[in-house]
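Trainee: Protein sequence lines, in the order shown, are assigned to chains S and V. Just so we're aligned, residue 1 is where the first sequence starts under this note's numbering, counting upward by one. Just so we're aligned, residue 1 is where the second sequence starts under this note's numbering, counting upward by one.
Do not take every clue at face value.
[Unchecked claim] Quick list of simulated restraints, FRET-style, between CB atoms:
#: 1; chain 1: V; residue 1: M1; chain 2: S; residue 2: I113; range: 22 to 28 Å
#: 2; chain 1: S; residue 1: I113; chain 2: V; residue 2: V24; range: 43 to 49 Å
#: 3; chain 1: S; residue 1: I222; chain 2: V; residue 2: I48; range: 51 to 57 Å
#: 4; chain 1: V; residue 1: D51; chain 2: S; residue 2: K54; range: 19 to 25 Å
#: 5; chain 1: S; residue 1: A111; chain 2: V; residue 2: D51; range: 46 to 52 Å
#: 6; chain 1: S; residue 1: V178; chain 2: V; residue 2: L4; range: 17 to 23 Å
#: 7; chain 1: V; residue 1: L52; chain 2: S; residue 2: K54; range: 23 to 29 Å
#: 8; chain 1: S; residue 1: T160; chain 2: V; residue 2: M1; range: 38 to 44 Å
#: 9; chain 1: S; residue 1: V178; chain 2: V; residue 2: N5; range: 24 to 30 Å
#: 10; chain 1: S; residue 1: G148; chain 2: V; residue 2: L52; range: 42 to 48 Å
[Stated by the list, open to error] The calculated lysine-lysine pairs, modelled on BS3-like cross-linking and capped at a C-alpha distance of 30 Å, are:
#: 11; chain 1: V; residue 1: K158; chain 2: V; residue 2: K123
#: 12; chain 1: S; residue 1: K146; chain 2: V; residue 2: K158
#: 13; chain 1: S; residue 1: K87; chain 2: V; residue 2: K36
Derived by calculation from the structure, the hints in this document are not laboratory data. Virtual Cβ for every residue (Gly too), placed ideally from N, Cα, C.
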Amino acid sequence: MAAEAGKIDPMHQFQIDAVGGGALDGTPFVFTNSALWMLVVLSAIFLFMWGGMKRELVPGRWQAAVESFVEFVSGMTLSSIGSEGRKYTPWIFTIFIFIIFSNFMGMMPLAIIPGLHPFTVTSQFTITGLMAIMSFSIVLIVGFWKHGFHFFTLFLPHGTPAPLMPLIFLVELISFLVRPFSLALRLFVAMIAGHILLEVFGNFIVNGLNSGSALGYGVSLISFVFIVGVNALELLVCAIQAYVFALLASLYINDAVNLH
Amino acid sequence: MPQLNQLMLVYQSQWFWLLLCLAVIYIVVGRGMVPKIEKVVDDRNDRIAADLSQAEKARAAADEAEERARLAEEDARSAALSVTAEAKSSAAKDTEALLAKADAEIGEKVAAAEASLAEARTKALESLESVAAEAARDVVAKVSGVNVSADQAASSVKAVLANG
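Chain V on its own, in the form it takes in the complex:
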């Protein structure tokens, strides 16, 4: 085995070069580069954690804003509903008043028409009496030759009409 056969010849050289290499690695890499790389990794991890917490905060704020928007929308909707209801009820009231007014006007007109009708009827009845009395006088004069006064004829016609 060369490792044993050559031991006394090579161990000093082996140890010298090994110590040299290890010292260089330890000082330059182990103490120089490794802590810097560790710091880079730690900084990155910190930054990721900070970013995550910030994002979490932003999400909470967004949730809150959304909730507020939802509440505001609800308020607006209920306000709109009450406005519509009010408008509806006032419109109904207006219609009612208009209807009542129109009803009253129509009623008045009907009453006036009825009154004029009744007047026309009484007038017609009166003219009928006079026509009938005239006719009765003519009939009496022709039949019996007796001249009946207008008053007599009128009262007889009236009595007949009242009976008949």
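This is chain S alone, in the form it adopts within the complex:
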């Protein structure tokens, strides 16, 4: 807590600092707590995937978990893009596993170790935004590469009456251009909202206990019960948001590949 005792500052957990106490100077190579957690996420992903590379005929638990993870993502790309989906599985898998591991690593109760503060990488719109822009760039590049200017017919559904064409084109174009923003904001907002909620009610517990009054203890107990439920909900949201991001990215790629 940067503020004095008792004051709730739920936004402090999203603060980015240079590791080692240096100043942020706006250069690309500053090693921040955010970068540190990205590397933590990267290591966790490698550990997880490494456990699934035994390639045994009868998989153990770990291998079965990794295989079902891979099957899930490749099934998603194949069902939403079709037979050409296999080409896009690596990218969809990359964003899916990065988002889900970031979400879960941000939820780990590591703060019980003094001095350690988990950082949720996906609560930064610089991160979600770049991933959305990259996915959207794939849509644009693949769309124009495969279909050329024919790609613009994506904005004109079949059977549009001629007088409505300009209007429909405009509406479809705007909804198309909004996609990267909605993709980025959905994940960012879900993560930031959940973490603010957890921070606020976690502070309620601590402040209620510190108050020493019966009312304070009551508030602590209610907040504790509430936060257990919110934690469970947040774990669900972590998985769902990763799934939604990956699913929408693959559906957008499907538009570019198959043009409706």
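Dock chain V against chain S, hints included.
Mentor: This is chain V only, laid out in the frame that chain S set:
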């Protein structure tokens, strides 16, 4: 909101580290590990399918073998039945022949016995005639004192016996 306040200070660093991490995940995990794992899963599925079809084939072969065994058993059983029937009928025939032979032998013996009996009877009757003629001569000699010849006595006895 730190995300907005710090935007200009951190975005380059954020993007640099994110691109680094995503590139590493994409190349090593996405392009390296994922296809291998997919291949492992596909190979396993293929193998399971092959094993299943093989098992199906083996079952069909087993069914066929069982059917053949059943047919062979049926054949063997009907052959055995015909053999038994034949044996039974030949045994019956043998018994019949033996019975007929025994019957004939017994009949012969009975006929021989009857013949000897009849002979004995005629012999007995003849001796009875002579005894009766003797007795009649004695009776005549004692009663009347007339000596009757043996022939006369015999013929009279014969006539009496034939009448009586």
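Trainee: Hint by hint, note whether the structure agrees.
Mentor: Hints, verified against the model:
For the hinted restraint 22 to 28 Å between M1/V and I113/S, the CB-CB distance of approximately 27 Å keeps it satisfied. For the pair I113/S and V24/V, the beta carbons lie near 27 Å from each other, so the given range of 43 to 49 Å is not met. Separated by about 53 Å at the C-beta atoms, I222/S and I48/V satisfy the suggested range of 51 to 57 Å. Our hint of 19 to 25 Å for D51/V and K54/S holds, since their Cβ atoms are close to 21 Å apart.
For A111/S and D51/V, the Cβ-Cβ distance of about 51 Å falls inside the hinted range of 46 to 52 Å, so the restraint holds. A hinted range of 17 to 23 Å for the beta carbons of V178/S and L4/V is consistent with their spacing of about 20 Å. For the pair L52/V and K54/S, the beta carbons lie near 24 Å from each other, so the given range of 23 to 29 Å is met. The hint said 38 to 44 Å for the Cβ distance between T160/S and M1/V, and at roughly 42 Å that hint holds.
In this structure, V178/S and N5/V meet the distance hint of 24 to 30 Å, their C-beta atoms being roughly 26 Å apart. Taking 42 to 48 Å as the suggested C-beta distance range, the pair G148/S and L52/V conforms, at roughly 47 Å. With a CA separation close to 15 Å, the supplied pair K158/V and K123/V stays within the 30 Å bound. For the suggested pair K146/S and K158/V, the alpha carbons sit about 154 Å apart, so the restraint of at most 30 Å is broken.
For the given pair, K87/S sits about 14 Å from K36/V by alpha-carbon distance, which is consistent with the 30 Å threshold.
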